[in-house]
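Undergrad: So you can see what is in the structure, the chains are spelled out below.
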Amino acid sequence: AQSVTQPDARVTVSEGASLQLRCKYSYSATPYLFWYVQYPRQGLQLLLKYYSGDPVVQGVNSFEAEFSKSNSSFHLQKASVHWSDSAVYFCALIYSNNRIFFGDGTQLVVKP
Amino acid sequence: EAAVTQSPRNKVAVTGGKVTLSCNQTNNHNNMYWYRQDTGHGLRLIHYSYGAGSTEKGDIPDGYKASRPSQENFSLILELATPSQTSVYFCASGDAGNTLYFGEGSRLIVV
Numbered sequence: 001a002q003s004v005t006q007p008d009a010r011v012t013v014s015e016g017a018s019l020q021l022r023c024k025y026s027y028s029a030t031p032y033l034f035w036y037v038q039y040p041r042q043g044l045q046l047l048l049k050y051y052s053g054d055p056v057v058q059g060v061n062s063f064e065a066e067f068s069k070s071n072s073s074f075h076l077q078k079a080s081v082h083w084s085d086s087a088v089y090f091c092a093l094i095y096s097n098n099r100i101f102f103g104d105g106t107q108l109v110v111k112p
Numbered sequence: 001e002a003a004v005t006q007s008p009r010n011k012v013a014v015t016g017g018k019v020t021l022s023c024n025q026t027n028n029h030n031n032m033y034w035y036r037q038d039t040g041h042g043l044r045l046i047h048y049s050y051g052a053g054s055t056e057k058g059d060i061p062d063g064y065k066a067s068r069p070s071q072e073n074f075s076l077i078l079e080l081a082t083p084s085q086t087s088v089y090f091c092a093s094g095d096a097g098n099t100l101y102f103g104e105g106s107r108l109i110v111v
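Here the protein sequences line up with chains W and A, keeping their order. Using our numbering, read the first sequence as starting at 1 and increasing by one per residue. Using our numbering, read the second sequence as starting at 1 and increasing by one per residue.
The hints are simulated quantities; they were obtained by calculation from the structure and are not laboratory data. Built from N, CA and C at the ideal position, the CB exists for glycine as well. Among the hints, a few may not be true.
Quick list of in silico lysine-lysine cross-link-like pairs, DSSO-like style, CA-CA up to 27 Å [to be verified]:
| no. | chain 1 | residue 1 | chain 2 | residue 2 |
| --- | --- | --- | --- | --- |
| 1 | A | LYS65 | A | LYS18 |
| 2 | W | LYS24 | A | LYS57 |
| 3 | W | LYS49 | W | LYS69 |
| 4 | W | LYS49 | W | LYS24 |
| 5 | A | LYS65 | A | LYS11 |
| 6 | A | LYS57 | W | LYS49 |
To give a feel for the contact side, a few chain W residues facing chain A, derived at Cβ under 8 Å [as the list claims (entries may be wrong)]:
| no. | residue |
| --- | --- |
| 7 | VAL11 |
| 8 | TYR32 |
| 9 | GLY43 |
Could you build all of it, start to finish, from the sequences and the hints given here?
TA: Structural data, given as structure tokens:
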């Protein structure tokens, strides 16, 4: 069975600080992984995705993520956060028949 | 211009009543999905579809039916609504690279 674990329900950082949001996955086959962002009262939007190749993938708005097969992880990072980055971030995994399984999300709060 | 639109955006239903949530996409994507979002549970897949006429059960299909009469439209049907189905429902279409494009959500309260 597949699973996606986001161990931090809420992360608070100061504006301008660096950010890492953690994601661990469990899946028996090759993982295809995503990060989505959800702003208040909106649907989710894709930040980035990993299928294969370079384990560091670049996304929108200067976000990047690093895939680690040995650690079963796909952590999201940003060098310097802005207040507008405050949102809920979801890690997701494709599993059988193109279904996409989401983690429970991490709420990011950026303090001014 | 929104490519995935849901209606209604807000709905209050009575227990035992029938609720239909509608979704329309202009992306021309074959795949469409219905998820529900509850605090502490992220998004959970209810039903999905590979194209007109097809519906597949997701991870939590009990109490829900789905209908895909055309490429553009995908409905979620609650025949006998219960308070446990109070939630926010999201429709999404998926492209060939499995990127999902979400609607803005339908907030359902069952009293």
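Undergrad: State for each hint whether it applies.
TA: Hint check:
Between the alpha carbons of A:LYS65 and A:LYS18 the distance comes to roughly 11 Å, so the proposed pair stays at or under 27 Å and holds. About 26 Å separates the Cα atoms of W:LYS24 and A:LYS57, which keeps this hinted pair within 27 Å; it holds. Among the hinted pairs, W:LYS49 with W:LYS69 is consistent with the structure: their alpha-carbon atoms are about 15 Å apart, no more than 27 Å. Taking the CA atoms of W:LYS49 and W:LYS24, the gap is near 15 Å; set against the 27 Å cutoff, the hint holds.
With a CA separation close to 18 Å, the supplied pair A:LYS65 and A:LYS11 stays within the 27 Å bound. Distance hint between A:LYS57 and W:LYS49 is fulfilled; the C-alpha atoms sit about 25 Å from each other, no more than 27 Å. Among the interface hints, the one on W:VAL11 is violated; its C-beta lies about 16 Å from the nearest C-beta in chain A, farther than the 8 Å criterion. For W:TYR32, the interface hint holds, since its Cβ comes within 8 Å of a Cβ in chain A; the closest pair sits about 7 Å apart.
Evaluation of the W:GLY43 hint against chain A yields a held restraint, the C-beta minimum of about 3 Å falling below 8 Å.
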